Each structure stands twice: as structure tokens, then as C-alpha cells.
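One letter stands for each residue in the lines below.
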Amino acid sequence: AQSVTQLDSQVPVFEEAPVELRCNYSSSVSVYLFWYVQYPNQGLQLLLKYLSGSTLVKGINGFEAEFNKSQTSFHLRKPSVHISDTAEYFCAVSVITGNQFYFGTGTSLTVIP
Amino acid sequence: DAGVIQSPRHEVTEMGQEVTLRCKPISGHDYLFWYRQTMMRGLELLIYFNNNVPIDDSGMPEDRFSAKMPNASFSTLKIQPSEPRDSAVYFCASSSPGDWYNEQFFGPGTRLTVL
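In order, the protein sequence lines correspond to chains P and G.
The numbering used here puts the first residue of the first sequence at 48, with every later residue one more than the last.
The numbering used here puts the first residue of the second sequence at -5, with every later residue one more than the last.
Read the hints as simulated data drawn from the structure, not as lab findings.
Predicted, not measured: the structure shown is a model, and the values here were computed from it.
Glycine included, every Cβ here is placed at the ideal spot set by N, Cα and C.
The reader is advised that the hints may include incorrect statements.
Listing some non-contacts, in silico: residues in chain G with all C-beta distances to chain P over 10 Å [to be verified]:
no., residue
1, Pro2
2, Thr7
3, Leu39
4, Arg58
Straight line, CA to CA, 25 Å or less: simulated SDA-like cross-link-like pairs of lysine to any residue [stated by the list, open to error]:
no., chain 1, residue 1, chain 2, residue 2
5, P, Lys96, G, Lys72
6, P, Lys116, P, Asn88
7, P, Lys116, G, Ser1
8, P, Lys105, G, Ser90
9, P, Lys96, P, Pro126
10, P, Lys96, G, Leu40
11, G, Lys18, P, Lys105
12, P, Lys105, G, Gly(-3)
13, G, Lys72, P, Ser73
14, G, Lys18, P, Pro126
15, P, Lys96, G, Gly53
16, G, Lys18, P, Ile130
17, G, Lys18, P, Gln89
18, G, Lys72, P, Lys105
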């Protein structure tokens, strides 16, 4: 079975500081990995995804994530956050040979002025 | 394209009543997903369709829930009878032709409150 663990439910960070949101997954087979963002009162939108190739993936709004197969992690990073980055962030995994999407429980990022 | 459209945006109903949530996917998308989001359980995939056919409904909580997709541009999620524990935000999402793991485009959600 597959699962996604987001280790931090809430992350407060000061504006212009760097941030890392952690995501670990468990799977016995190869997976695709995703980060979605949910702004208040909106649906989710894709930030970035890893399917194959380079383990460093760049997404929208200056975010990037690195796939680490040995540590089964896919942490999201941004070198300098803005107030507008305040949102809920979801890590998700899908099995390459399967047909299911598994979302983590989300990390609430709050950027403090 | 207007994106994924969901209606209503808010629904308040009383326990025992039938509730129907509606979704119009992005034109040309052939995958459609229904999710439920609660504080306790996070985001759960309820069911998804491919080319209007239900592929996996293992996430549907119980027989009170049913979903249909009569054509490529419309889907419904029905709860009958509704219960207070069904209160949640229900999202519909669609993705483009090809592999289902392509980016999913989410609608704004329907906030359901069952009293």
C-alpha cells in the first residue's frame, strides 16, 4: 500500500525567509510525485510534479522540490517566501502502474510580515 | 475555458435530505475525480471516471453516496440520505486526455453542511 506523510501540519515563517515543507512516501513500487497548493476558499492547483529524469523539479511561483529515492522523500523548498505564499500545501503520490492518487494531510504555511 | 465548474458553492441541508452536487469538467478532459476534504480526514478520493465510465469507487464511504457521469460535460455526486458527518468540502477535478496522472484541475468546491 502507498501512503504519504507530511511531517509538519503547520509551518510559520517570516517573509523573505527560506522554507522547506517535508514529504515522505512509502511505496514498494515506482511512483510519481506531486505538490499541490490550496489558497483559502479555492480548489487545489498543481505546483510541480516529478515523473522521471532530473530529481530536482522546478515549479510555479519559485518553488522547487527534490526527489530522493533512497530516503523516499520529496521535500518542497522556496528560498524566499512572500505573504502571498500563505496557503495549504499538499504532497501527493501515484503509483506508475496503478490508478490511485494519495494525498498527504497537508501543511499549512503561514508567512509572517 | 472557464475551468472546472461546481454547483452549488454552498449547501446547507437537514439530516435525511437528499443532496446533489454538480460538476462540469474542462472541455476535452476525459478524467473526472470527486474528492472530499475534512479537517479530520484531509483530502480523500471518492471516485473517478474515465470517458464517463466509473473506474474506481473504492473511496465512496457507503451506499448513501452515488456518482454518475451521463456525458463528458457533466457529473453528479448524490448523497441520500445525508447525515451530519457528511459535512465537508467536496471537490471535483478533471485532467486531460492520456494518462490519468496528468495535472488535475480542481473546481472551487462545494461546502456542504448537514444539520
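### Message
Under the constraints set out in the numbered hints, which ones does this structure not fulfil?
### Response
3, 5, 6, 7, 11, 13, 14, 16, 18
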